[in-house]
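Work the whole structure out from these sequences, hints included.
Chains as they are written, first to last, in our numbering: chain A, 3 to 88; chain B, 3 to 88; chain C, 265 to 425; chain D, 265 to 425.
Don't read these hints as lab results, they were simulated from the structure.
Since the model is a prediction, treat every value here as computed from it, not as a measurement.
Accuracy of the hints is not assured; some may be wrong.
[As the list claims (entries may be wrong)] Taking beta-carbon pairs under 7 angstroms as the criterion, some of the chain B residues facing chain C (in silico): (1) Y57; (2) A61; (3) V66; (4) P72.
[Claimed, not checked] To be clear about the criterion: a stretch of chain B counts as covered by chain C if any three or more of its residues have a C-beta under 8 angstroms from a C-beta of chain C, and this derived list gives those stretches: (5) 9-15; (6) 79-87.
Every residue gets a Cβ at the ideal spot worked out from N, C-alpha and C, and that includes glycine.
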Amino acid sequence: MKVAIKLFGAFRDHEPSGQVTLEIADGARVADLRQALAAFAAAHWPRFRPGLLEYSAFASETAVLRETEPVPANGHVAILPPVSGG
Amino acid sequence: MKVAIKLFGAFRDHEPSGQVTLEIADGARVADLRQALAAFAAAHWPRFRPGLLEYSAFASETAVLRETEPVPANGHVAILPPVSGG
Amino acid sequence: MRPYQCIVRDISEGGLDPGAALEFVSDPGFGGIALFVGRVRNVNHGRVVTGISYDMFVPLAMHGFAEIAERVGRDFGQQVKLYIGHAKGRLGLGDLAMVVAAGTPHRDEAFRACRQVVEAVKHTSPIWKQEHYEDGDSAWSEGCSLCGHASSEDGHAGHGH
Amino acid sequence: MRPYQCIVRDISEGGLDPGAALEFVSDPGFGGIALFVGRVRNVNHGRVVTGISYDMFVPLAMHGFAEIAERVGRDFGQQVKLYIGHAKGRLGLGDLAMVVAAGTPHRDEAFRACRQVVEAVKHTSPIWKQEHYEDGDSAWSEGCSLCGHASSEDGHAGHGH
Numbered sequence: 003m004k005v006a007i008k009l010f011g012a013f014r015d016h017e018p019s020g021q022v023t024l025e026i027a028d029g030a031r032v033a034d035l036r037q038a039l040a041a042f043a044a045a046h047w048p049r050f051r052p053g054l055l056e057y058s059a060f061a062s063e064t065a066v067l068r069e070t071e072p073v074p075a076n077g078h079v080a081i082l083p084p085v086s087g088g
Numbered sequence: 003m004k005v006a007i008k009l010f011g012a013f014r015d016h017e018p019s020g021q022v023t024l025e026i027a028d029g030a031r032v033a034d035l036r037q038a039l040a041a042f043a044a045a046h047w048p049r050f051r052p053g054l055l056e057y058s059a060f061a062s063e064t065a066v067l068r069e070t071e072p073v074p075a076n077g078h079v080a081i082l083p084p085v086s087g088g
Numbered sequence: 265m266r267p268y269q270c271i272v273r274d275i276s277e278g279g280l281d282p283g284a285a286l287e288f289v290s291d292p293g294f295g296g297i298a299l300f301v302g303r304v305r306n307v308n309h310g311r312v313v314t315g316i317s318y319d320m321f322v323p324l325a326m327h328g329f330a331e332i333a334e335r336v337g338r339d340f341g342q343q344v345k346l347y348i349g350h351a352k353g354r355l356g357l358g359d360l361a362m363v364v365a366a367g368t369p370h371r372d373e374a375f376r377a378c379r380q381v382v383e384a385v386k387h388t389s390p391i392w393k394q395e396h397y398e399d400g401d402s403a404w405s406e407g408c409s410l411c412g413h414a415s416s417e418d419g420h421a422g423h424g425h
Numbered sequence: 265m266r267p268y269q270c271i272v273r274d275i276s277e278g279g280l281d282p283g284a285a286l287e288f289v290s291d292p293g294f295g296g297i298a299l300f301v302g303r304v305r306n307v308n309h310g311r312v313v314t315g316i317s318y319d320m321f322v323p324l325a326m327h328g329f330a331e332i333a334e335r336v337g338r339d340f341g342q343q344v345k346l347y348i349g350h351a352k353g354r355l356g357l358g359d360l361a362m363v364v365a366a367g368t369p370h371r372d373e374a375f376r377a378c379r380q381v382v383e384a385v386k387h388t389s390p391i392w393k394q395e396h397y398e399d400g401d402s403a404w405s406e407g408c409s410l411c412g413h414a415s416s417e418d419g420h421a422g423h424g425h
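Right, dumping it as structure tokens:
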């Protein structure tokens, strides 16, 4: 399945479009998507520090996703670096 | 000396003018003034409860006065019942 | 300019203005502003309230506001601007009785400074509240005695009023 | 009517309005209103700041604001009205980043509810702050990781940001 990942905060520095689309196996879990994004980042973002992804969470439009959850069937997620609002 | 005592809060119920003037000895202390006001209240304010005066403080325009202080030489004080601002 | 502004506003001359408080405590170096507004509400201790009259010994109150502001300023290392406003006269429902604001570099100090000022004003300022009830009755509120702690103006968050 | 209002305001469409927040949380039964305003300040960690860009995942942020408000409403027994506003886009010095207000019957609850909302928004909302400096450099602020506490939105008053 195709998964469109919206990028926020420091992730945008590596992808000004603010989005990447990855192909992952049907039925993949959030942890699998994390691995896929790590691989994409290593291949495409020369200045990317892997630590950022470790401290980032995947989310839908209504909730932060746990690692063991399946990737949402609509193929839309966001990757949220540590938050700093206010 | 003559001392003009401004009245506030519940004291005003007994003296709508908001002020009483008492004659006390020159050099009298705040504790003496308290006794004089208690005597005045007992004589003139039929509905007055002495407890109110016990919990009230004398003050000048800049400070709450201690019992052992002399009454201010300008002869102007205020009697402050328990406060309830805000 | 002094880092605090203290106001007593006779309600007949218009109400307190939270916007003016926010503006006064704003500063290019401050990231946090905390504001408290005390309003006349429609019920107290189960009785329907129609208004509150605030009596005040104005010169001592203004003197006390300045002392409170100076002490809070010392506690927060001068990195604070404060606004203390209190109304006097006969207030109706919803009228603003009190407006306190604190501006500081960070939010924690702003919340704490604002709260400290509010408690000090409530517990030490020579202000008296007379509640008016729908049956025409009225009563002076119970309060904090100023006897015996003339030099302590800190107040206590646990007080009932 | 719901007892809370949540707003995300794009700065290009105008700033946040503390007056609207105060008005929303006012109620005839409420005697205490606490308001917090977060503003862009001119310095952070010793660097001169010229502005801040706020990036935000808006649908999740709005969802989270509502969850925060509902939880605080439960904690305070529904006797509370809340306003949560946050700006997005490129803010200049002095612009308002965040406005939170809480109205309750008494002041203690107002202060605590307001603070609780502010901390929850700061520590759990999908919002990212990029500071711009006078030398033209810019940097994303350090923040709170949302990993591993997806179900905890309380935040901690001791956090550094």
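Mind checking, does the region 79-87 of chain B have 3 or more residues with a CB under 8 angstroms from chain C? Contact hint for the region 79-87 of chain B vs chain C: holds, 7 residues under 8 angstroms.
Any CB of chain C closer than 7 angstroms to the CB of B/Y57? With a minimum Cβ separation of about 4 angstroms from chain C (threshold 7 angstroms), the hint on B/Y57 holds.
Do three or more residues of the region 9-15 of chain B come closer than 8 angstroms to chain C, measuring C-beta to C-beta? Coverage by chain C holds here, the residue count being 5 at a Cβ distance below 8 angstroms.
Using Cβ atoms only, decide whether B/V66 comes closer than 7 angstroms to chain C, and label the hint accordingly. At about 4 angstroms, which falls below the 7 angstroms cut-off, the nearest Cβ of chain C leaves the hint on B/V66 intact, so it holds.
Given hint B/A61 near chain C, where the shortest CB pair must fall under 7 angstroms: Since chain C brings a Cβ to about 6 angstroms from B/A61, closer than 7 angstroms, the hint holds.
Using Cβ atoms only, decide whether B/P72 comes closer than 7 angstroms to chain C, and label the hint accordingly. Since the shortest Cβ distance to chain C is 15 angstroms, the answer is violated.
Hint compliance for this structure: hint 4 is the single one not met.
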